[in-house]
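Asks: One-letter residues, chain by chain:
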Amino acid sequence: MISALLVVTRRNVVQSAIFLITALLATAGIFLQLHAEFLFIVQVILYAGGIMVLFVFVIMLINLDVSIHQVQFNRQWWLGLLLALVLGAQLILAVAPRPIGLPLGEPAPASALEPSTQLVGRVLFNEYMLPFEIASILLLVAMIGAVVMAKKKV
Amino acid sequence: MIPTSHYLFLSLGVFTIGVIGVVTRRNVIIILMSIELMLNAVNINLVAFSRLVGSAEGHVFAIFVITDAAAEAAVGWASSLRFSGTVRHCWATKWICSNGRQRGLVFLGHDAN
Chain A
1 MISALLVVTR RNVVQSAIFL ITALLATAGI FLQLHAEFLF IVQVILYAGG IMVLFVFVIM
61 LINLDVSIHQ VQFNRQWWLG LLLALVLGAQ LILAVAPRPI GLPLGEPAPA SALEPSTQLV
121 GRVLFNEYML PFEIASILLL VAMIGAVVMA KKKV
Chain B
155 MIPTSHYLFL SLGVFTIGVI GVVTRRNVII ILMSIELMLN AVNINLVAFS RLVGSAEGHV
215 FAIFVITDAA AEAAVGWASS LRFSGTVRHC WATKWICSNG RQRGLVFLGH DAN
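Residue numbers (our numbering), protein chains in the order written: chain A, 1 to 154; chain B, 155 to 267.
Next comes chain B alone, as it looks inside the complex:
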């Protein structure tokens, strides 16, 4: 029988990786994937606590979280496709989607803005 704290450690690890991915990476695709990772960590936590308590409500909330993840993925990918149609590459620089014209300035680690 695996104790609940191990699930908490695993979930925290996955969530931290997701947070670091969202904050650190500049590619919008990888940022969306990191958000999916964070939602998965939340699901692991919910199911682990539901196992601890012995009720099925955590499962229900995990189902809602999966539903929201699906909706978020659809909207996020649609918007990223939209941006990629006009800007061709969408880079998130300091929480702002930087314009494609500044792309030439972003090299050797120097940020354009």
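Chain A extracted, bound-state conformation:
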């Protein structure tokens, strides 16, 4: 699965969009593996359906012929390498044996999350009601902002 992701940042724009679809679907498969069926459905519909259509539309709207011949990478590869090393060191600390690392024991039994969608809905609408409403307001603001920004162009 990670091999599909490795290619994403390497190729040109349209190819990387295709590989991004592959990566998102692989993530959806991992959700299914982790007994998160509702998130699986949300991931497939929202990401692979909605956001990728948006990506492909914008890629079609922007002319690509010039950009392929330009320089694709800037000079900041050392910064990327440094960040990757720092993140790797953090992970090694996290999965180190017990006195340093996290208490990663055996996972909870699968029956703890058994009616998955029902459980998610109950938690979402009982304890996280206010963040849910705030998320809806955020979506409204993003929609208005996107419309205003795309409209000013004319």
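Derived from the structure by calculation, the hints contain no laboratory data.
Glycine included, C-beta positions come from ideal geometry on N, C-alpha and C.
Careful, some of the hints might be misleading.
What the hints assert, rightly or not - Label pairs and their in silico Cβ distance ranges:
1. VAL219(B) with ASN126(A): 13 to 21 Å
2. LEU61(A) with SER209(B): 26 to 34 Å
3. ILE144(A) with VAL219(B): 19 to 27 Å
4. LEU140(A) with ILE156(B): 37 to 45 Å
5. ILE144(A) with ILE156(B): 37 to 45 Å
Got chain A; can you put chain B on it based on the hints?
Replies: Coordinates of chain B only, in the frame set by chain A:
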């Protein structure tokens, strides 16, 4: 049964690829895609830990992260379309969207600014 550390390794790999994409690439479209990759890595982590603990709260947070990703994608793409309307090509050079007039100077690996 796959242990949780494998999910952590996968998530870290995806997140690192996203970070490297954001820092290294100069195309705004690929930078936005890399941000989506990083958000996906965070989602994998959240769901894996929620599986480890056995509660559904990680799923709820993953739903919020997906919502934010959708909002961010809408605004990001709208702004990139806006820039591409005026500048025609938007290149991020050293965290700044460079102007289209400097495009002729950016060749053979030499940065204009």
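Asks: Hints the structure violates: just list their numbers, smallest first.
Replies: Hint 2 contradicted; others consistent.
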